[in-house]
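Peer 1: Starting from the given sequences, assemble the full structure and let the hints guide the process.
Heads up: the sequence lines are chains A and B, in that order. The opening position of the first sequence corresponds to residue 1 in my numbering, with each subsequent residue numbered one higher. The opening position of the second sequence corresponds to residue 1 in my numbering, with each subsequent residue numbered one higher.
Once the Cα atoms are required to be at most 30 Å apart in a straight line, the calculated DSSO-like pairs of lysine-lysine come out as:
| no. | chain 1 | residue 1 | chain 2 | residue 2 |
| --- | --- | --- | --- | --- |
| 1 | A | K326 | A | K418 |
| 2 | B | K40 | A | K418 |
| 3 | A | K437 | A | K418 |
| 4 | B | K176 | A | K170 |
| 5 | B | K176 | A | K168 |
| 6 | A | K437 | A | K369 |
| 7 | A | K250 | A | K269 |
| 8 | A | K9 | A | K269 |
| 9 | B | K155 | B | K176 |
| 10 | A | K4 | A | K170 |
| 11 | A | K269 | A | K170 |
| 12 | A | K320 | B | K40 |
| 13 | A | K418 | A | K369 |
| 14 | A | K170 | B | K155 |
| 15 | A | K9 | B | K176 |
| 16 | A | K269 | A | K168 |
| 17 | B | K155 | A | K168 |
| 18 | A | K369 | A | K326 |
| 19 | A | K320 | A | K418 |
| 20 | B | K40 | A | K326 |
| 21 | A | K170 | A | K9 |
| 22 | A | K269 | A | K4 |
| 23 | A | K326 | A | K437 |
| 24 | B | K40 | A | K437 |
| 25 | A | K437 | A | K320 |
| 26 | A | K4 | A | K168 |
| 27 | A | K4 | A | K250 |
To be clear, the hints were calculated from the coordinates, so they are not data collected in a lab.
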Amino acid sequence: MSGKTLFEKIWQAHEVEAAEAGRPAVLYVDLHLIHEVTSPQAFDVLRARGMGLRQPGRTVATLDHSTPTTPADAEGRHTYADAATEAQVRQLQTNCAEFGVTIHGYDSPSRGIVHVMAPELGLTQPGMTIVCGDSHTSTHGAFGALAFGIGTTEVGHVFATQCLLQQKAKTMAIEVEGRLKPNVGAKDLILHIIGQLGVAGGTGHVVEYRGEAIRALSMEARMTVCNMSIEMGARAGLIAPDEQTFAWLKGRPNAPQGADWNQAVARWKQFTTDSDAQFDRVVTIDASAVEPSVTWGTDPGKVVAISGRLPEVADEGVRKALAYMKLEAGQAIHGVPVDVVFLGSCTNSRLPDLQEAAAVLRGLRVHPKVRMLVVPGSEAVKRDAEAIGLHEVFIAAGAEWREPGCSMCLGMNGDIAKPGELVVSTSNRNFEGRQGKGVRTVLASPATAAAAAVAGVIVDPRSFQEAAA
Amino acid sequence: MNPLTHITARATVLDIANIDTDQIIPARFLTTTTRIGLGKHAFNDWRYRADGSPDPNFVLNQGEAGDRVLLAGDNFGCGSSREHAPWALLDAGIRAVISTRIADIFRNNALKNGLLAIVVSPEQWASLHAQSGAAWVIDLRAETIQAGAVIVPFKIDAFARACLLEGVDELGYLLKRTDLIDRFEQGRAA
Ligand code: SF4
Chain A
1 MSGKTLFEKI
11 WQAHEVEAAE
21 AGRPAVLYVD
31 LHLIHEVTSP
41 QAFDVLRARG
51 MGLRQPGRTV
61 ATLDHSTPTT
71 PADAEGRHTY
81 ADAATEAQVR
91 QLQTNCAEFG
101 VTIHGYDSPS
111 RGIVHVMAPE
121 LGLTQPGMTI
131 VCGDSHTSTH
141 GAFGALAFGI
151 GTTEVGHVFA
161 TQCLLQQKAK
171 TMAIEVEGRL
181 KPNVGAKDLI
191 LHIIGQLGVA
201 GGTGHVVEYR
211 GEAIRALSME
221 ARMTVCNMSI
231 EMGARAGLIA
241 PDEQTFAWLK
251 GRPNAPQGAD
261 WNQAVARWKQ
271 FTTDSDAQFD
281 RVVTIDASAV
291 EPSVTWGTDP
301 GKVVAISGRL
311 PEVADEGVRK
321 ALAYMKLEAG
331 QAIHGVPVDV
341 VFLGSCTNSR
351 LPDLQEAAAV
361 LRGLRVHPKV
371 RMLVVPGSEA
381 VKRDAEAIGL
391 HEVFIAAGAE
401 WREPGCSMCL
411 GMNGDIAKPG
421 ELVVSTSNRN
431 FEGRQGKGVR
441 TVLASPATAA
451 AAAVAGVIVD
461 PRSFQEAAA
Chain B
1 MNPLTHITAR
11 ATVLDIANID
21 TDQIIPARFL
31 TTTTRIGLGK
41 HAFNDWRYRA
51 DGSPDPNFVL
61 NQGEAGDRVL
71 LAGDNFGCGS
81 SREHAPWALL
91 DAGIRAVIST
101 RIADIFRNNA
111 LKNGLLAIVV
121 SPEQWASLHA
131 QSGAAWVIDL
141 RAETIQAGAV
151 IVPFKIDAFA
161 RACLLEGVDE
171 LGYLLKRTDL
181 IDRFEQGRAA
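Peer 2: Structure (structure tokens):
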């Protein structure tokens, strides 16, 4: 008998009822995260049925998508983009109070983007099943948890039963061999991978990232990689837990404490893929071939190395993307003028991301034609950054230092760019209109974003990084 | 939910690959706390001109009102988990989406709301495309699309299909498994 993959081990440990012909499995959910956008209709389902949550303690809420990133006034009042976003935030507060769900609202020192906050609190743990009405739930896979996005109907299912009806996904290994070059990071790596596999390359699969280059990544960098799994269509992304995972989690408020800790670690250690396990598909990536990379088109699979050139018009998709982006086939991406730089989102808003950008910006000024927004992923990131003076680096450079939230990643809270503007963004989606109608998005790493802010054009960040070193 | 056995509708071709959820329903319309009324914003940024008037060049603004089947390019529905995407399409009169690939979360969300999400081969897609002017009938029981003279068989997830045909609500199905869930939780606590 051949061994099991990490995915299969987590799956088996959560099967309330195995799948049979014509019937999906019933899968138990350990942790359910919710936010204001995809939960209201699910609470209404409970109300309509006169039900409560089966396990209110397994659901945790935060405010992130619709929340303003400007500070509250002296009376604690927030300025919302419009009445609808404010109503949505209030609705979540009301729903959580009514149904007994813990919410990290404005008064919580832990509030943040759902995928930044939950790991920080130690809610995210190896071997768990974690779901959220949000496709970037794959982020939590960095801890060896099976974490995936669900729709609002399923949010209701988890509320009522703590379970989901699930078909088992196929498995895919992405073996990242060798080591990344200096000053090439996790964001470059994942953009490179999506560029290679395409935006549907992972459809139907749960991806496990493996290999030397992955093991060498920090936990924050692993989260960046797993975060974007959905951008290649994968159901989830996973990285097996190791000593680094355990060290990162130790002492966090919701992590096991005392004697429970040692037991938990012993249990977590089994959540790795057996050496003789088989994946449905294996892809190998050469880490040393990864360059600082950005997107040039209107989906995250349209990726180019910063030193590279845009493709020739091969099909209608390329033609349409070039037209929307106002770029020419075959042109260099280097030197393209930039209007706005956004440093934030659940992909790149953690402390090391801010440090990476600050290292480029220190002592320099944001180009006079560029507006730069820095939005920490959580209250904790904001505090930690301020404790080491990063905010001063950003402010001195002329960037805006904001309150935590999703902000310009999807612009629901009113943080958007103007039609036609080009935004270099550390977020995860460059879809048409994602950051405002007609706005052109270029996805990049924190270092690349910071370098673009200073230069006013897209440039290789390594010249800045080497100068700073 | 009402049982769903077949759909009679006109085809609308949107031959663009990788139509993402931000195109289907842009984020600025996700501020609602209900499921209804999103149809007017389906494909908002393609459908309306800068002054807010419908763009006559966009396919959904063409032809008579009534139920539609969307024949879409490869990898439809990639991106976000927002169920607002199928809600918006249904509210706009779209009853089924047919593509050569459909993103996992979108397909799942669609089927849970009675929006048929059907994957066909590139050859089948082409033969359907050739019939886009004809009347179409999708028979969920037989799992066939009849498009003019052409009949294309398809397969959708057997459980989702059974739920749709019988109008079974999946939450009700899960709630019937409460005993199993109790036992699972007790087993873990032990
Ligand atoms: S930061 Fe962006 S991708 Fe992440 S949860 Fe918020 S809106 Fe979604």
